Every structure is written in C-alpha cells, then in structure tokens.
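Turn these sequences into a full structure, and let the hints guide you.
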Amino acid sequence: MKKKILIIEDDPAVADYLITLFEDNGYATISATSAQEGFSIAQKEHPDLITLDLELPDEWGPRFYRKLSADKTLKNTPVIVISGLSGNKYAVSKAVASFSKPFDREELLSVVQKYI
Amino acid sequence: MFKKILFATSATEACDHAARVAFDMAQRYNAEIHVFHVLGIPTRGYSQMVVDVTTGEEITLDDNYRDLVREEIRTYYDHQIEKTENWSIDVTTGLPHREILRIARDLKPDIIVMGGSTGASGAYAHQKNVTGSTYQRVAGVARCPVMVINRPAASFWGGFSNVLFATDFSNAANRAFDFAFTLVKELQCEFHIFHALDITKSKDITDFQINTSHTQDTIEDEIRKAGEQLRFKYASRLGDFKNYAMEVWEGIPFVEIVKYGREHHADLIVMAHNTRKPEVNIGGNETEAAIGSVAEQVILRANCPVITINRSVGKA
Numbered sequence: 001m002k003k004k005i006l007i008i009e010d011d012p013a014v015a016d017y018l019i020t021l022f023e024d025n026g027y028a029t030i031s032a033t034s035a036q037e038g039f040s041i042a043q044k045e046h047p048d049l050i051t052l053d054l055e056l057p058d059e060w061g062p063r064f065y066r067k068l069s070a071d072k073t074l075k076n077t078p079v080i081v082i083s084g085l086s087g088n089k090y091a092v093s094k095a096v097a098s099f100s101k102p103f104d105r106e107e108l109l110s111v112v113q114k115y116i
Numbered sequence: 117m118f119k120k121i122l123f124a125t126s127a128t129e130a131c132d133h134a135a136r137v138a139f140d141m142a143q144r145y146n147a148e149i150h151v152f153h154v155l156g157i158p159t160r161g162y163s164q165m166v167v168d169v170t171t172g173e174e175i176t177l178d179d180n181y182r183d184l185v186r187e188e189i190r191t192y193y194d195h196q197i198e199k200t201e202n203w204s205i206d207v208t209t210g211l212p213h214r215e216i217l218r219i220a221r222d223l224k225p226d227i228i229v230m231g232g233s234t235g236a237s238g239a240y241a242h243q244k245n246v247t248g249s250t251y252q253r254v255a256g257v258a259r260c261p262v263m264v265i266n267r268p269a270a271s272f273w274g275g276f277s278n279v280l281f282a283t284d285f286s287n288a289a290n291r292a293f294d295f296a297f298t299l300v301k302e303l304q305c306e307f308h309i310f311h312a313l314d315i316t317k318s319k320d321i322t323d324f325q326i327n328t329s330h331t332q333d334t335i336e337d338e339i340r341k342a343g344e345q346l347r348f349k350y351a352s353r354l355g356d357f358k359n360y361a362m363e364v365w366e367g368i369p370f371v372e373i374v375k376y377g378r379e380h381h382a383d384l385i386v387m388a389h390n391t392r393k394p395e396v397n398i399g400g401n402e403t404e405a406a407i408g409s410v411a412e413q414v415i416l417r418a419n420c421p422v423i424t425i426n427r428s429v430g431k432a
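Residue numbers (my numbering), protein chains in the order written: chain A, 1 to 116; chain B, 117 to 432.
Since the hints were derived computationally from the structure, they do not count as laboratory data.
In this text, all values refer to a predicted model and were calculated from it rather than measured experimentally.
Mixed in with the good hints, there may be bad ones.
To be verified - Partner residues are not named here, just some residues of chain A that face chain B (Cβ under 7 angstroms, in silico):
(1) Tyr17
(2) Ala28
(3) Trp60
(4) Pro62
(5) Thr73
(6) Gly84
Cβ atoms here follow ideal geometry from the backbone N, Cα and C, with glycine treated the same way.
Here's what the structure looks like:
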C-alpha cells in the first residue's frame with residue numbers, strides 16, 4: 001500500500017508541484033489549502049507524513065502543529081515545513097525538516113524517504 | 117486589551133519580525149498602530165545636522181528629508197499597511213530611547229512593540245549576549261508593557277491563545293501577573309504560571325556535585341516550596357478561571373523558561389523586567405536602568421513574542 005502524504009499549502013502552483021513530485025515517486029497524496037481543512041483531513045485520513053506551509057490563510061503553521069501534537073492519534077506524524085519565510089527552520093521546533101522555497105526536489109525526496 | 121499599539125522601529129530587517137507581529141495584532145484586535153521611527157541623532161544640541169541612524173551619514177534635516185523618510189517607511193511596510201485600517205507614521209530626531217519614552221508618555225499606548233537589536237538577530241545577538249540598548253533603556257522605565265520579537269521564529273504565531281507567565285515572585289512579577297491574567301481572560305487563553313528554580317548558584321559543576329546543599333532531595337524540597345508559593349501567590353487570584361497550569365522546573369532560569377514555552381507551544385511569554393542595578397535619575401522624567409539578565413536571555417532565545425513589565429507599569 002502506498003504511503004500517504006498530506007500537503008498543506010495555499011499556493012496552487014507549489015501544491016501541484018509537490019503532488020506531482022510525490023506521486024511520480026510512488027506516494028499517494030492528499031492536499032489542503034488551509035490549516036482547518038488540513039486538520040480535518042489529517043483526522044480522517046491519518047497521513048504518514050505532512051508537508052506544512054507556514055503562512056496559511058486561516059492560521060500560522062506553528063498553531064496548526066500545536067493542534068496536531070495535542071491529538072493522540074496524530075501527534076507522532078512527521079511534519080516537514082516548506083515555506084518562503086526566512087527563519088522558518090525554527091518555527092516548528094519538532095518538525096523533522098524545514099525547506100525554504102525554492103527547494104531542492106532531490107533533497108526533499110530524500111528526507112521523505114528517510115521518514116516514511 | 118490592545119487598542120493602541122506603539123511600534124518603535126528602525127525600519128530595517130532587524131524589525132521585520134516585530135512588524136509582522138505588531139501589524140497582525142493591529143488587524144486581529146482592531147487596534148490603531150503608530151509606527152514610530154527616530155531617523156537621526158543630532159550631532160550637537162538643537163543642531164539641524166543629524167546622523168541618519170540607518171545610513172550613518174550626516175545630513176541636514178528639513179521637512180523634505182522628514183517627508184522622504186516617512187514615505188520610505190510607508191513603502192517599507194506597504195504590504196502590512198494595506199491590510200491595516202488605523203495607522204500612522206511618525207518620524208523624529210533625538211536619542212531613540214528618549215524619543216520612544218517621550219511619545220509613549222504622550223500617546224499612552226497599551227503596548228510598545230520593538231524588534232531585537234539592530235543588526236543583531238540570529239547568532240550575532242547571542243554573541244553580543246544582550247538585547248538592543250534602546251530596548252533596555254525603554255523597558256526599564258516605560259509605563260506600559262513592552263513587547264520584543266527578536267527571532268524570526270517568534271513571529272509566526274498570529275494572535276495569542278496560550279500564554280506563559282514566568283515569575284520570580286518579585287513586585288514587578290506581581291504587576292506582570294496582573295497584566296497576563298487580564299490578557300488571558302480577555303482573549304480566552306490557556307494560562308501557564310511557571311517558576312524556574314535557579315540551581316546555578318554554585319560556582320561550577322564540581323561544586324554542584326559535591327555540595328550537600330544540592331542533593332536531589334533538597335532540590336525537590338525547594339521545588340515543592342516554590343510550588344506552594346505559586347499556589348499561595350496566584351491561585352487565589354484566579355477566581356473561577358480554570359484553564360491554567362502551574363509548574364516549577366529546576367535548572368538555569370532562562371533555559372527552563374524558553375524550554376517550557378517551546379514544549380507547551382506558548383505563543384506569548386509575559387515576565388517581569390527586574391533591573392540588575394538601582395535605577396538612577398538622569399534628569400527630567402527619565403531614568404536609566406539595565407534589564408534583568410533572565411528576561412534579556414529569554415527575549416533573545418524565545419520562540420514567541422516576549423512582554424516585559426517593570427514595576428512602574430500601570431502608574432499614572
């Protein structure tokens with residue numbers, strides 16, 4: 001069964017790029033454009049990994065992560081932060097990795113492979 | 117709670133994180149935001165020649181130059197201003213801390229928001245081991261709370277819902293508690309009341325290991341005592357408010373405060389500003405003071421905005 005990645009990203013171009021990248025490399029994807037939608041999908045789908053944009057229309061990434069880590073069934077899901085904001089590396093302290101846009105696709109894939 | 121925000125800025129990268137928080141607060145809490153910039157320091161008293169704080173160049177000040185700087189700031193914060201309803205920009209000359217205190221006295225803001233030390237974010241700030249000197253001078257005597265956002269990571273929360281109040285049981289901490297509790301009630305936040313038991317008073321680690329006054333039993337006795345003190349001082353003041361936690365951790369105080377904030381995903385830290393040396397009157401209404409090192413280190417390292425409160429806050 002394919003490993004499932006939830007992409008939380010409000011920029012459709014970046015979201016499409018990530019979907020294509022992950023699906024071409026054998027992963028199943030689901031996507032959300034807001035933190036609230038992302039959390040509902042996460043509760044329903046239990047993804048194996050989440051990529052998280054920091055600046056979402058309804059919420060900032062750290063606040064989403066706080067909610068995620070308070071959920072018993074989701075708290076151990078690996079999260080990768082992907083953001084265009086400087087200083088994003090330290091925004092979610094328990095994220096398994098952080099990438100600044102534009103990012104290296106091979107580097108991202110190798111991190112994903114490491115965790116799922 | 118936050119109806120009038122004074123955002124004191126150097127209009128440089130060092131204040132970008134503070135700008136993100138200050139404008140977000142203005143939009144979120146429907147507040148008026150006053151952007152305040154001290155553009156230059158007069159070369160001598162009442163001189164028209166000033167040293168531009170951004171470029172370091174000596175310039176002749178006139179209305180045109182003032183307007184030019186105001187317009188530059190308008191452009192610099194254009195992205196945030198366009199989403200903000202009630203804003204103003206004010207530029208002046210003088211010593212930054214004096215001018216900030218002066219406008220704060222006139223404007224009576226609910227909070228002053230500032231960035232970290234100019235050109236000293238990230239690793240360099242820790243090498244310097246101090247917050248900005250302007251902040252130190254403002255925070256010691258301001259009559260309102262002062263918020264500092266030093267790290268970019270501290271600016272990615274958006275609003276307050278999980279507040280950490282760190283206490284050293286001082287009088288200034290009492291004022292900080294009053295402010296923090298009013299804030300958590302009004303904004304319906306989760307409230308963490310925290311004390312860090314300082315176990316670093318030993319000369320070094322060897323002393324710590326062999327000194328019998330530092331057995332684990334005595335440390336845990338001290339933790340229990342501090343816990344009782346927390347309950348005695350604050351629990352009775354919480355009334356019907358139930359969404360709180362009280363904890364004492366032992367260690368190096370600033371490390372424990374930052375760690376507790378990170379572990380509990382705090383989006384705001386409130387603490388007392390305690391001076392290390394007595395306040396000295398330097399004429400007029402101003403006082404020179406140094407900030408307590410614990411607050412200073414927390415400001416430099418925290419993953420969220422930090423508000424410090426001195427013992428003058430709330431006085432008329």
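Evaluated hints:
1. Tyr17: violated (23 angstroms)
2. Ala28: Because about 29 angstroms separates Ala28/A from the closest Cβ in chain B, which is outside the 7 angstroms limit, the hint is violated.
3. Trp60: holds (4 angstroms)
4. Pro62: Since the shortest Cβ distance to chain B is 5 angstroms, the answer is holds.
5. Thr73: Hint on Thr73/A: violated, closest Cβ of chain B at ~18 angstroms, above 7 angstroms.
6. Gly84: Interface hint status for Gly84/A: violated (12 angstroms vs cutoff 7 angstroms).
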